[in-house]
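Mind docking chain W on chain P? Use the hints.
There are 2 protein chains.
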Amino acid sequence: MNFKNFIILILFCSNAFSQTKIEQLNLMPWPQNIALNEGKFLLKSNFKVNITGVVNPRVFTGTTNFLRRLDGRTGMFFSQGYIKKTNEEPNAQLQINSLKKGSVGINEDESYKIEITSNKITINATTDIGVLHALETLLQLLQNDSNSFYFPNLIISDFPTFTWRGLMIDVARHFQPVDVMKRNIDAMAAVKLNVLHWHLVDDQGWRIELKNKKKLTELASDGNYYTQEEIKNIVKYADERGILIVPEIDVPGHATAILTAYPEIGSKYVKDPKEQKQTQYTIERNAGVFTPTLDPSNPETYKLLSEIFDEVCPLFPGKYFHIGGDENEGKDWDANPVIQKFKEKNNFKTNHELQSFFTLKLVPMLKKHNKEIIGWEEIMNDKMPKGTIIHSWKGPNEGSPAGESLINAAKKGYKTILSNGYYIDLMQSVNDHYLSPIIPKEAVLTKEEKDRILGGEVTMWSELVTSKNIDSRIWPRTAAIAELFWSNEKAINLKSMKKRLQFVSNRLEELGISHIKNKKMILRNISNYQDISSLENLSNICEPLKIYTRNKGGTEYQMFSPFTLFADACTSDASNAIDFNELVDKYLQEKKPEDLSRINHYLKKWIFMHSDLVHLSENAPLIQPVLPLSQSLSNLSKELLFAFEDKKQIDKSLLNELFAKCNSKNYADVELAICSGLEKIIDNLN
Amino acid sequence: MNFKNFIILILFCSNAFSQTKIEQLNLMPWPQNIALNEGKFLLKSNFKVNITGVVNPRVFTGTTNFLRRLDGRTGMFFSQGYIKKTNEEPNAQLQINSLKKGSVGINEDESYKIEITSNKITINATTDIGVLHALETLLQLLQNDSNSFYFPNLIISDFPTFTWRGLMIDVARHFQPVDVMKRNIDAMAAVKLNVLHWHLVDDQGWRIELKNKKKLTELASDGNYYTQEEIKNIVKYADERGILIVPEIDVPGHATAILTAYPEIGSKYVKDPKEQKQTQYTIERNAGVFTPTLDPSNPETYKLLSEIFDEVCPLFPGKYFHIGGDENEGKDWDANPVIQKFKEKNNFKTNHELQSFFTLKLVPMLKKHNKEIIGWEEIMNDKMPKGTIIHSWKGPNEGSPAGESLINAAKKGYKTILSNGYYIDLMQSVNDHYLSPIIPKEAVLTKEEKDRILGGEVTMWSELVTSKNIDSRIWPRTAAIAELFWSNEKAINLKSMKKRLQFVSNRLEELGISHIKNKKMILRNISNYQDISSLENLSNICEPLKIYTRNKGGTEYQMFSPFTLFADACTSDASNAIDFNELVDKYLQEKKPEDLSRINHYLKKWIFMHSDLVHLSENAPLIQPVLPLSQSLSNLSKELLFAFEDKKQIDKSLLNELFAKCNSKNYADVELAICSGLEKIIDNLN
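If you read the protein sequences in the order shown, they are chains P and W.
486 is the number that my numbering gives to position 486 of the first sequence; each next residue is one higher, with no gaps.
Heads up: take any position in the second sequence, counting from 1, add 686, and you land on my numbering.
So here's chain P without its partners, still in its complex pose (with noise of 0.2 Å):
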């Protein structure tokens, strides 16, 4: 050989060496179709994009935000500021053409097709909607070496599997402040999320600023709520992200707030006028299913409620409001004779017919601000009107089948979709949402009947979140579960998803996303501002309590508690814990030193960790209540190590009632995530 070839060879193999794999890409939710091609895309500071076609305006938002993430996270200094208008660079290496304008909301045409080569990067898309789609691709492929930022040559078509992919925050419970919101739709619109859904009033709270009815905000907010003005700012912030805002206002059960402003429609019965005073409701400060409910049988009801949606509508120009209509035990129905006799006279059996009822009194209401009704799957009767979404919630937990709902609608005509599996307030581990297909397997449906799922939601409850901490609860794991809204059910895969997840992760800090640094600020607060470094190596092996077993009976805290606790810095998927469980794993099959090795460093960093918390907490009242928790550990800890090390007779029942203390759940509202690996380890020794 001679040098010539020998260069070559090492040229070949560079190269060979540095080719993207697939398996390198961090993409989240995993596009339909994906080519890669040999040869990469070189970022460099004089890169420019351009923008030709027929386009909405929010395009030229989407490509500037695009351009700005890139240059913050490569630190490149690109040249290009804002881009105003079409065809501004026509040599930029970047291309973006668009065939017509998008609108936001369900059934646009979201598909898109990058195309990268050594020089150029052409994106093709039917709207900008799909556009935006296609950039927050982009960013996802961004390589690196050591020394570049790189884009993989590469040939991607995509587009959705279901339309409606959604995620619901609840700002009744606890509210959640304009900057909140608009930087949980950013991170919506990376994993191609398309529908917000705004819980914006509940038994807690009213938090929408009526210019006609100030009650609701002055007895109904305690100041917190959303203004007209705010509350269009943020619907023109999604819709400049592809994001359609489907509002809801709660009725007729969930109505504390609303009844706390206007007494007069509420369901309570009141014998002596004169009594009305007593049986005022006022704002609801716990968590739970409480019975205050809308009158369905006083026409004033629906004159205030058809005088609500006559200005709230307007402030949504998307074509659906969710009317809620769950969880209505209709107690109060069943003591009011006035409205067992309006039951009687109309010859409702049940209190569900009453509440269809009701629920039709809305239709027209709705209609004439052309708006189509969605509402929780109690709403579901036979007259409501087809273009009705059901949206299915109910599961295991509350006694039925696994999106039983979803699938009867869809028989019987009606679109819906499904939340069930979705709920990430019950602090699940990602791998039970992410194996919730939204049609299950076994389901036997037409193809008319397929196509009335209309996709997913995924609900942010907020009895335990605030502000500070509700980033951590939706994020990572509602990334996960939009990749099961969007990709090819073929793409699901828990291992590629579990790796892609940390990537996604770690990317949503650039949009704002606050999970990482919040959760050791709540632990900084915790230790008095001393080393956090225990109190995190505690959390990472820790889980809130879950299904809402935290806050028994919903009156262990109130809406004002303050949620700065060690279980509020605690998330899901606890990483120690997985990697702990998993090494467990490992060795008992495989019994290997090194294995075994690693488990013995895990049991003395819990021993150490422990005697720091005892140290720290002398000047950190905060840490006591982990105390026993991690003093349980370190001595079921010390136990593992001497029977490790043979140092004595292994004593079972002490390590069982040592476990038992660790798998208690009594403490701090958490649970220790690494039992599994400590009682299979126990299980198997001799």
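Worth flagging that the hints you see were computed from the coordinates, not collected in a lab.
Check before you lean on any hint, since a few could be wrong.
What the hints assert, rightly or not - Okay, derived cross-link-like pairs now, SDA-like style, lysine to any residue, Cα gap no bigger than 20 Å in a straight line:
no.: 1; chain 1: P; residue 1: K48; chain 2: P; residue 2: R173
no.: 2; chain 1: P; residue 1: K517; chain 2: W; residue 2: S1219
no.: 3; chain 1: P; residue 1: K182; chain 2: W; residue 2: I920
no.: 4; chain 1: P; residue 1: K517; chain 2: W; residue 2: I920
no.: 5; chain 1: P; residue 1: K236; chain 2: W; residue 2: D865
no.: 6; chain 1: W; residue 1: K1206; chain 2: P; residue 2: N537
no.: 7; chain 1: P; residue 1: K520; chain 2: W; residue 2: I920
no.: 8; chain 1: W; residue 1: K868; chain 2: P; residue 2: L616
no.: 9; chain 1: P; residue 1: K520; chain 2: W; residue 2: R1210
no.: 10; chain 1: W; residue 1: K922; chain 2: P; residue 2: E229
no.: 11; chain 1: W; residue 1: K730; chain 2: P; residue 2: Q558
no.: 12; chain 1: W; residue 1: K1351; chain 2: W; residue 2: L1231
no.: 13; chain 1: W; residue 1: K730; chain 2: P; residue 2: N619
no.: 14; chain 1: P; residue 1: K498; chain 2: W; residue 2: Q1216
no.: 15; chain 1: P; residue 1: K546; chain 2: P; residue 2: N381
no.: 16; chain 1: P; residue 1: K517; chain 2: W; residue 2: I1218
no.: 17; chain 1: W; residue 1: K918; chain 2: P; residue 2: Q19
For chain W alone, coordinates are given in the frame of chain P:
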């Protein structure tokens, strides 16, 4: 000694040990009078507040916020939610009384008195503004041991030394969203600042929505501006916290943004009106002093300004309006024959006389809205009404003695405030600012003249900050300057301030200030989400280039450039640098081996740090720019370690050469803040 006496002795001792000492208190600004007593008020979850007297509603908001902050910090779960009227809880442990409604502004009675005994806390103030100050003091007084939180028994009576205690935030160079303004208002209130000077307009942007002059935001804001509702909302938010907002529209210089919208009132000479197009102004993207200036000879200029004031003034209920007036070099005036003729005709000898003519035309326009004028020192002329406030800003950097115009203004009968010495964008040490009193010690002033000096104002110019790191530029240094404005000069103590500042800095997180968490966020981006400890170590010994040496000539960075670089994560007063430099001084004086050992530990840390950064940079291009610096430090550290260990002959010229590289300030826009310590070590080697 019998057993009983022994127990009493123990109790006495433990009480003596637990007695709070004055040095334990982390109050900032330090109160005028404080008398510590024995004992403490133990905080329990039954803690409640009661308000009596004649109060402005802001005291209800303020007290509710106080309760939530105390609750968040202690995890106490107080049952009292929202305080909405007086005398709700007559038996509450904290009793607050004020005599009359306060009003936000200058010269209000801001005094307060706090008395803490073992079972009761009493706050008395003339106005609710004083109550708000007292609540902030109370929050700073909170102490803890291992299990409980408490307030020490004491009596504080307090009032401000200066009535104008301001912070200016420039939102023109880099727009700052509503939430940034709000959290900084919270932080201002926490350290008893009372004036937010809002620099809303400059060459780089117009930030106020005007319904009658839409072109200003359409053409000169890049979409980054405050709506009128947002402005009102921020004004209200500030008022609720006792803070006056003083808006600034900077004229006749710094006018590029105004002239981008209205070129017809600019001073650029147009021979042929057809050429008008060529003289058009475009919004400025660089930093510096620019020529675009309003035309003082054109009646249209005054018509437009008057219309602007007519719309802007009603948004700000406060008494003062800042008209800027600084840095008008008059270049376009000199080059314009029409303006020259106007000067001649009016017998104006200098451009200053012409500017005075301009300024005097604004007086009645603002008087019409009951506004007094405040302006930068250049507006001073003999005809200004005596109510005018002269804002003194020039100093040695501009070739004037510090505060010269302050003294001149006071002697000429004008009210005046000082900003020279408080330019926190210069990135100097807090020490420099803290040791610059408003009234120079050598100044000879009558009582009347002294009384005209209203106070001081910190200035946060925003050429090199974004909403992500502005907090780290303003805080914590501004807290120390606030002490200079509020406290008695006898309380000014550098060592004590530094210790208390650390505490205050931590506490600012409670209010949402992001200086701690966003530093780490920027470093995570730079490290490409690898471990940031080495980058953090480096950032703790580096400070951003000072006094406008970064961004040389103002053209290296543009306003939309990515300020996500290493320098943007670094701050003044780099923590490890302070520690290291002090350590070196101590070692050179005392020559204790343990101090040498700590110096060696630092040197070894920096050697490891560099090799770790090299390793991390393999996957993080943004680390590359800091490597030459960490390399130089690592090389020097190695040589110094050799020298300490007597391993080889000391080669001074090599050491000096390596030191020069460390001290070059040529890398990554930072300077190595340990150079004074390193230099002393080298000088003392032999």
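Now for the hints, and whether the structure bears them out:
For the hint linking K48 of chain P to R173 of chain P, the alpha-carbon distance of about 45 Å lies beyond 20 Å, and the restraint is violated. For the hint linking K517 of chain P to S1219 of chain W, the alpha-carbon distance of about 15 Å falls within 20 Å, and the restraint holds. For a cut-off of 20 Å, the pair hint linking K182 of chain P to I920 of chain W stands: about 18 Å separates their Cα positions. A hinted pair counts as satisfied when its Cα atoms are at most 20 Å apart, and K517 of chain P with I920 of chain W does not qualify at roughly 26 Å.
For the hint linking K236 of chain P to D865 of chain W, the alpha-carbon distance of about 18 Å falls within 20 Å, and the restraint holds. For the hint linking K1206 of chain W to N537 of chain P, the alpha-carbon distance of about 18 Å falls within 20 Å, and the restraint holds. The straight-line distance between the Cα atoms of K520 of chain P and I920 of chain W is roughly 29 Å, outside the 20 Å bound, and the hint therefore fails. The suggested pairing of K868 of chain W with L616 of chain P is violated, with an alpha-carbon distance near 33 Å, which exceeds 20 Å.
With a CA separation close to 14 Å, the supplied pair K520 of chain P and R1210 of chain W stays within the 20 Å bound. As the CA atoms of K922 of chain W and E229 of chain P are separated by approximately 16 Å, the hinted pair is consistent with the 20 Å bound. With a CA separation close to 17 Å, the supplied pair K730 of chain W and Q558 of chain P stays within the 20 Å bound. A hinted pair counts as satisfied when its Cα atoms are at most 20 Å apart, and K1351 of chain W with L1231 of chain W qualifies at roughly 7 Å.
Taking the CA atoms of K730 of chain W and N619 of chain P, the gap is near 17 Å; set against the 20 Å cutoff, the hint holds. About 17 Å separates the Cα atoms of K498 of chain P and Q1216 of chain W, which keeps this hinted pair within 20 Å; it holds. Simply put, K546 of chain P and N381 of chain P have alpha-carbon atoms about 33 Å apart, too far for the 20 Å limit, and the pair is violated. Among the hinted pairs, K517 of chain P with I1218 of chain W is consistent with the structure: their alpha-carbon atoms are about 13 Å apart, no more than 20 Å.
Distance restraint check for K918 of chain W and Q19 of chain P: the Cα-Cα separation of roughly 56 Å exceeds the 20 Å cut-off, and the hinted pair is therefore not satisfied.
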